[in-house]
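Number of protein chains: 4
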Amino acid sequence: MRIAVINETSAADRNADIMAALEGRGHTIINAGMVKNGAKPELTYIHTGLMSAILLNLGRVDFVVGGCGTGQGFLNSAMQYPGVFCGHIVNSLDAWLFAQINGGNCISLALNQGYGWAADVNLRFIFDRLFSVESGAGYPAHRKESQQQSRQLLADISRMAHQPLAGIVAALPDSVLRPVLEYPGFRELLDVPAIQDGELRSAFQQRM
Amino acid sequence: MRIAVINETSAADRNADIMAALEGRGHTIINAGMVKNGAKPELTYIHTGLMSAILLNLGRVDFVVGGCGTGQGFLNSAMQYPGVFCGHIVNSLDAWLFAQINGGNCISLALNQGYGWAADVNLRFIFDRLFSVESGAGYPAHRKESQQQSRQLLADISRMAHQPLAGIVAALPDSVLRPVLEYPGFRELLDVPAIQDGELRSAFQQRM
Amino acid sequence: MRIAVINETSAADRNADIMAALEGRGHTIINAGMVKNGAKPELTYIHTGLMSAILLNLGRVDFVVGGCGTGQGFLNSAMQYPGVFCGHIVNSLDAWLFAQINGGNCISLALNQGYGWAADVNLRFIFDRLFSVESGAGYPAHRKESQQQSRQLLADISRMAHQPLAGIVAALPDSVLRPVLEYPGFRELLDVPAIQDGELRSAFQQRM
Amino acid sequence: MRIAVINETSAADRNADIMAALEGRGHTIINAGMVKNGAKPELTYIHTGLMSAILLNLGRVDFVVGGCGTGQGFLNSAMQYPGVFCGHIVNSLDAWLFAQINGGNCISLALNQGYGWAADVNLRFIFDRLFSVESGAGYPAHRKESQQQSRQLLADISRMAHQPLAGIVAALPDSVLRPVLEYPGFRELLDVPAIQDGELRSAFQQRM
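Residue numbers (the numbering used here), protein chains in the order written: chain V, 1 to 208; chain L, 1 to 208; chain W, 1 to 208; chain F, 1 to 208.
With the rest of the complex left out, here is chain V (with noise of 0.2 Å):
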């Protein structure tokens, strides 16, 4: 699987533990996101969550790991957008939970709040919890067909209330998409020439 993590400015400290409980899975991680507080160009929620959306949509990861200091700045964000289905995760059983009840691609993290000595840790277990069971396999067993029609339904009703991510970029002011756009590394992961969809392509050539 693909995995970005994208931090946000006011607990991007925590972005080296987020990395280390991911390695050695197998995954291919992409660290998109701020790796230290306060650094320079700076990102908020606002921006990580655009980011998280962009990159779900286009498929250019499967999953990403975000999150802010409380986690529900994140989530709020990440929410606004087509497509994303976000949990708010503090512990391994909520990771255990959501990725067979609810079958997202997209977790929010606390990492200020809460967040104290072997939290570290936690963030492992977190994510032996979340990749060690199938994604929307339904919990317990006998739901698991209700519990995928919901997940259908959500994700019809996702596109339904949703612009197309395309008219999104459009609409977007300079001051949440540029940061995203001009975020370093961000523009190869984008692969603007590579998006199939060709009205969403030019969205993005043209705010560039």
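Simulated pairs of lysine-lysine, BS3-like, Cα-Cα distance not exceeding 25 Å:
#1 F:36 <-> W:144
#2 V:36 <-> L:144
#3 L:144 <-> V:40
#4 L:40 <-> V:144
#5 L:36 <-> V:144
#6 F:144 <-> W:36
#7 W:144 <-> F:40
#8 F:144 <-> W:40
Derived by calculation from the structure, the hints in this document are not laboratory data.
Dock chains L, W and F against chain V, hints included.
Quick look at chains L, W and F alone, frame taken from chain V:
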């Protein structure tokens, strides 16, 4: 403040606890969802998320208290729509920080996972803190302005990223919209003739 | 390892979850307490704490898994006796740290408070971590020696601060000791004739 | 109420948070332990547990707020002595239940594990609930009497199971007792000449 409590089926047995915990706070509480697990007609988080979004967007309520087994499903459902800013709230510190930092209009409670003995007291503690601080006051105080800017940007993005509610109402499949519109009491709450936005009023009228 | 599971009355309905979560780990599990809330004869945490201390001090088991509604009562009861070192364990991180840092021989689980849906899975996660590390291995690794010294000192203090178990058995009122000695199966587990310490053997014999 | 705050070395940097969270509650607060990680002279949980027991048994304070990295070490140390009833308190619900059900005289806080941003607020919430209810009031109310009986039995057992404090003071090795007696301010707090129990007064005098 007008607060809607909206429970889906799997955790509807917690409804009485939520209602009791909200009592005596001087708010108008509207019990808009289910009150008993598995009763008929049944609402899943797909429906309660939509109900929340409709009531908030029409200004019928100021705040929604929702949730589901883990809190993740309702959260992901309600957040599909414009103008919904929802926190995943497990304890009183979550509530206190979310109110001040994120200033959202919705919370999603975990009503089965971790919901054991004295969880009704925990709900009371959550509401004590949620409603004891000024929404959007900022925390810590010196970050008030930057947090306010993020919230404002998020509200703008929400409008840009979503279809207008009228379009969503028109597009949603019957399996999503009908159980909501036909849920006992919801039509009165919705009060279609009183909707000022003509397009939105008309969208509802056409689905009834 | 020989592990005793010892439930008091208020959370005895969780016994089946604990037993299931301990299964298949290669340990010998002795279900020494209650298995159903309110059954007769009834054990309170006063009794289960004493049972734990007796079994540990006699070497009948290597480890005790106890608990009560919040976990605090059993903890305070078991810790009255010499040679009991008990952690209050709520999640898998607690378990992992306690095993390595404190290297105790007893845990107290919160079996009503916070014990909701999927709490049985949480128990499994707790035991996964509790038994996956070397007891007393030290965490972090470089503090191994100083943590070991603290544990050794604590064991010494425990002996100095307490009466010998024989004296305690002799002194305890009937209301505390008799329900323990008469609890179905406990006498066999205790196996008085096999107690090597003559004073202790005699103390038990005189109370029977 | 007279409350002693007693920090060991690994979490002594949290002392200022604890003191601030206890402020303005009308209690007399005695800051008897360390205030800075690694300062000299250094106290481990071995020492702070003993200090707690001495101050409680002599009636110098009514309540002790202690803790360590995870809370388990101080808990196990303080609980070695007679007359100490200690809760492991992580959040405000723990505090509220422990005060009413267990009515103890000591709490052990987790001051590194899970101690992240806003943990100072969490401490305030803990003390808000710990001191807002009557100690030993019983919860739920109808279990008041049976909980009271358990507490009374536990107090009796504590006396029977332990050596008298005088004997403990006499027996403890220098490495445990001396750092306590020599800790700045502790001797004044101890006030040996004022100890009414002649045996205990004499035990302290002989170790000084």
